[in-house]
Amino acid sequence: MTLKCGEQEVLIEDIVRKYSAMLYHVAMIRMQNQSDAQEVVQDTFLKLVSKVKSGMSFADEEHLKAWLLTVAINRGKSIVMLAWNRKTEGLDSIKQVADDTKSESYAFEYVQKLPKNYRIAIDLFYYEEMTTEQIAVTMKTKPATVRSYLHRGREKLKQMMEADGYVG
Amino acid sequence: MWDEKKFFEDYRKEADKIQPDKNFVEDTVKMISKESSKGTIVTFPYRFVAIVASVMLVVACIGIWAVHNNIKKNDESKVAHEQEIFTKGLNAAANNGTDTEDSNAAANNGTDTEDSNAADDEKASVGQMAVTDSTIAEIVQMIDDSEVIVSDEEGNPLDDDQRAELKSSLIVEEKVSDMPEYGSKTTYKLIGDYMITLHITDDNYLVVDKESEQTIYRLK
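Residue numbers (this note's numbering), protein chains in the order written: chain W, 1 to 168; chain A, 1001 to 1220.
There may be inaccurate statements among the hints.
Unchecked claim - Going by beta-carbon spacing under 8 Å, a handful of chain W positions derived as facing chain A:
# : residue
1 : Met28
2 : Gln38
3 : Asp123
Said to hold, decoys possible - Simulated restraints, written as ranges between beta carbons of each label pair:
# : chain 1 : residue 1 : chain 2 : residue 2 : range
4 : W       : Gly165    : A       : Lys1005   : 16 to 24 Å
5 : W       : Ala144    : A       : Ser1054   : 17 to 25 Å
6 : A       : Ala1060   : W       : Gly6      : 25 to 33 Å
7 : W       : Lys77     : A       : Val1059   : 18 to 26 Å
Unchecked claim - Listed next, the in silico PhoX-like pairs over lysine-lysine satisfying Cα-Cα at most 25 Å (straight line):
#  : chain 1 : residue 1 : chain 2 : residue 2
8  : A       : Lys1167   : W       : Lys65
9  : A       : Lys1006   : W       : Lys18
10 : W       : Lys116    : A       : Lys1038
11 : W       : Lys156    : A       : Lys1038
12 : W       : Lys4      : A       : Lys1034
13 : A       : Lys1030   : W       : Lys158
14 : A       : Lys1006   : W       : Lys158
15 : W       : Lys47     : A       : Lys1030
16 : W       : Lys116    : A       : Lys1030
17 : W       : Lys51     : A       : Lys1013
18 : A       : Lys1006   : W       : Lys4
19 : A       : Lys1030   : W       : Lys65
20 : A       : Lys1034   : W       : Lys65
21 : W       : Lys156    : A       : Lys1030
22 : A       : Lys1034   : W       : Lys116
23 : A       : Lys1005   : W       : Lys113
24 : A       : Lys1022   : W       : Lys47
25 : W       : Lys77     : A       : Lys1017
26 : W       : Lys142    : A       : Lys1022
27 : W       : Lys156    : A       : Lys1006
28 : W       : Lys113    : A       : Lys1013
29 : W       : Lys65     : A       : Lys1078
30 : A       : Lys1013   : W       : Lys53
31 : A       : Lys1030   : W       : Lys53
32 : A       : Lys1030   : W       : Lys4
33 : W       : Lys53     : A       : Lys1034
34 : W       : Lys18     : A       : Lys1005
35 : A       : Lys1034   : W       : Lys47
36 : A       : Lys1034   : W       : Lys158
37 : A       : Lys1189   : W       : Lys65
If you are wondering where the hints come from, they were derived from the structure by calculation, not from laboratory data. The C-beta atom is built at its ideal place from N, Cα and C for all residues, glycine as well.
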């Protein structure tokens, strides 16, 4: 099966290989749980297949990327609602993720302690290098709200690091 | 001092380690490949069906309305036609009874009818043959209708003979535009779904009051 992306016809398998890492990363930031993140990734691609079968096409690769991220983040919301009783497992996963990525700076661990929207906005901004406008589309909110998430997220990070004695 | 730039550089490096398992990616590729090779999902075109159903409903409503309207029109024209025939007969009978000396009446009436503008529904034709005025036809119809109360000025209902007499007196000569200066008059009230008041003057004028509108005729 191929997907129309601008003028190009791209194999759906190539799309999966190309964007799995990005979706998994965002899903992990969102879900903080490996199994939920994997579920989000697979559900997102299944939805893509369904949409392509019904004739959906994308203007360009940026459009496709934004669509995939939006679906993944929103799919994450419904999984969180269904998986409220897996909270304990989630906490363990956060520790595992933090342990896996631990370095001297603990930057990843601190970001994971931020509220959900702050950490998603920060990840998309600093890791995916998206603009606040692109993040706003993905998170289905206003650019001003995204800027607010980023500002407050940075403030919180600073406060946490000060409290832990990392910042003097 | 917090070095924000360095913090997020570190974050990028650490976050870069969050990668899916290679087996997971390959499993996902296989799953998606299998899913995409399944037949195209034929989604039921709900929106299309809804639009077609709406259009059909509107067309059906218009059709029913048109048929109903047509039947109503036919009924109305049938009643008007019967009324016209009746009135013609009535006028002819009255004329034969009262105006026997005019042996050329029939011929004259025929000429008059030809001369008159038949399409003008509001114009009462001269003579006793073709009274096509819709108001007179309506009055005659009301008098014939037993459901309609026909009473005199005092409110006393007219009996059948009086109704027939009243009906036979309504032979229109012409429609006039100005109110005549009449002396005494006889008033009748026709009360059905609405009320019509008739004033027949001694000098043979008929004043019809219907829903605050007056129409004046000169009677034969």
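Status of each hint after checking the structure:
At about 5 Å, the closest approach between the beta carbon of W:Met28 and any beta carbon in chain A falls short of 8 Å, and the interface hint on this residue holds. With 8 Å as the threshold, the beta carbon of W:Gln38 comes within range of chain A, its nearest partner Cβ sitting at about 6 Å, so the hint holds. Restraint check, W:Asp123 versus chain A: the minimum CB separation of about 7 Å is within 8 Å; hint holds. Taken as a hint, the range 16 to 24 Å holds for the pair W:Gly165 and A:Lys1005, whose Cβ atoms sit roughly 21 Å apart.
Between W:Ala144 and A:Ser1054 the C-beta distance comes to about 41 Å, which lies outside the given range of 17 to 25 Å. The beta-carbon spacing between A:Ala1060 and W:Gly6, approximately 46 Å, falls outside the hinted interval of 25 to 33 Å. Remark: the range hint 18 to 26 Å for W:Lys77 to A:Val1059 is contradicted by a beta-carbon distance near 44 Å. Between A:Lys1167 and W:Lys65 the CA atoms are separated by roughly 89 Å; this puts the pair beyond 25 Å, and the hint is violated.
Restraint check for A:Lys1006 and W:Lys18: the C-alpha separation of about 28 Å exceeds 25 Å, so the hint is violated. The hinted pair formed by W:Lys116 and A:Lys1038 fails the criterion: a straight-line CA distance of about 37 Å is larger than 25 Å. For the suggested pair W:Lys156 and A:Lys1038, the alpha carbons sit about 49 Å apart, so the restraint of at most 25 Å is broken. The hinted pair formed by W:Lys4 and A:Lys1034 meets the criterion: a straight-line CA distance of about 19 Å does not exceed 25 Å.
Taking the CA atoms of A:Lys1030 and W:Lys158, the gap is near 44 Å; set against the 25 Å cutoff, the hint is violated. Between A:Lys1006 and W:Lys158, the direct Cα distance comes to roughly 13 Å. Compliance with the 25 Å bound is thereby established for this hinted pair. Annotation: proposed proximity of W:Lys47 to A:Lys1030 holds, straight-line Cα distance about 15 Å (limit 25 Å). About 31 Å separates the Cα atoms of W:Lys116 and A:Lys1030, which puts this hinted pair outside 25 Å; it is violated.
For the given pair, W:Lys51 sits about 34 Å from A:Lys1013 by alpha-carbon distance, which is inconsistent with the 25 Å threshold. This hinted pair does not check out: A:Lys1006 and W:Lys4 have alpha carbons roughly 40 Å apart, beyond 25 Å. Our distance criterion of 25 Å between C-alpha atoms is met by A:Lys1030 and W:Lys65, whose separation comes to about 21 Å. Restraint check: the Cα-Cα separation between A:Lys1034 and W:Lys65 comes to about 22 Å, which is no more than 25 Å; the hinted pair holds.
Between W:Lys156 and A:Lys1030, the direct Cα distance comes to roughly 42 Å. Violation of the 25 Å bound is thereby established for this hinted pair. The hinted pair formed by A:Lys1034 and W:Lys116 fails the criterion: a straight-line CA distance of about 34 Å is larger than 25 Å. For a cut-off of 25 Å, the pair hint linking A:Lys1005 to W:Lys113 stands: about 19 Å separates their Cα positions. At roughly 21 Å between alpha-carbon atoms, A:Lys1022 and W:Lys47 fall within 25 Å of each other, so this suggested pair holds.
Our distance criterion of 25 Å between C-alpha atoms is met by W:Lys77 and A:Lys1017, whose separation comes to about 24 Å. At roughly 36 Å between alpha-carbon atoms, W:Lys142 and A:Lys1022 are farther apart than 25 Å, so this suggested pair is violated. For the given pair, W:Lys156 sits about 16 Å from A:Lys1006 by alpha-carbon distance, which is consistent with the 25 Å threshold. Using a Cα cut-off of 25 Å, the hinted pair W:Lys113 and A:Lys1013 holds, with the two alpha carbons roughly 18 Å apart.
Between W:Lys65 and A:Lys1078, the direct Cα distance comes to roughly 74 Å. Violation of the 25 Å bound is thereby established for this hinted pair. Taking the CA atoms of A:Lys1013 and W:Lys53, the gap is about 38 Å. The hint is violated against a cut of 25 Å. Between A:Lys1030 and W:Lys53 the alpha-carbon distance is near 17 Å, which keeps this suggested pair within the 25 Å criterion. Taking the CA atoms of A:Lys1030 and W:Lys4, the gap is about 20 Å. The hint holds against a cut of 25 Å.
For the proposed pair W:Lys53 and A:Lys1034, the alpha carbon gap of about 13 Å is at most 25 Å, so the pair holds. For the hint pairing W:Lys18 with A:Lys1005, the CA-to-CA distance comes to about 28 Å; that exceeds 25 Å, so the pair is violated. Restraint check: the Cα-Cα separation between A:Lys1034 and W:Lys47 comes to about 14 Å, which is no more than 25 Å; the hinted pair holds. Between A:Lys1034 and W:Lys158, the direct Cα distance comes to roughly 48 Å. Violation of the 25 Å bound is thereby established for this hinted pair.
Distance check on the hinted pair: A:Lys1189 and W:Lys65 sit about 85 Å apart at the alpha-carbon level, beyond 25 Å; violated.
Of the numbered hints given earlier, the model fails hints 5, 6, 7, 8, 9, 10, 11, 13, 16, 17, 18, 21, 22, 26, 29, 30, 34, 36, 37; all others are met.
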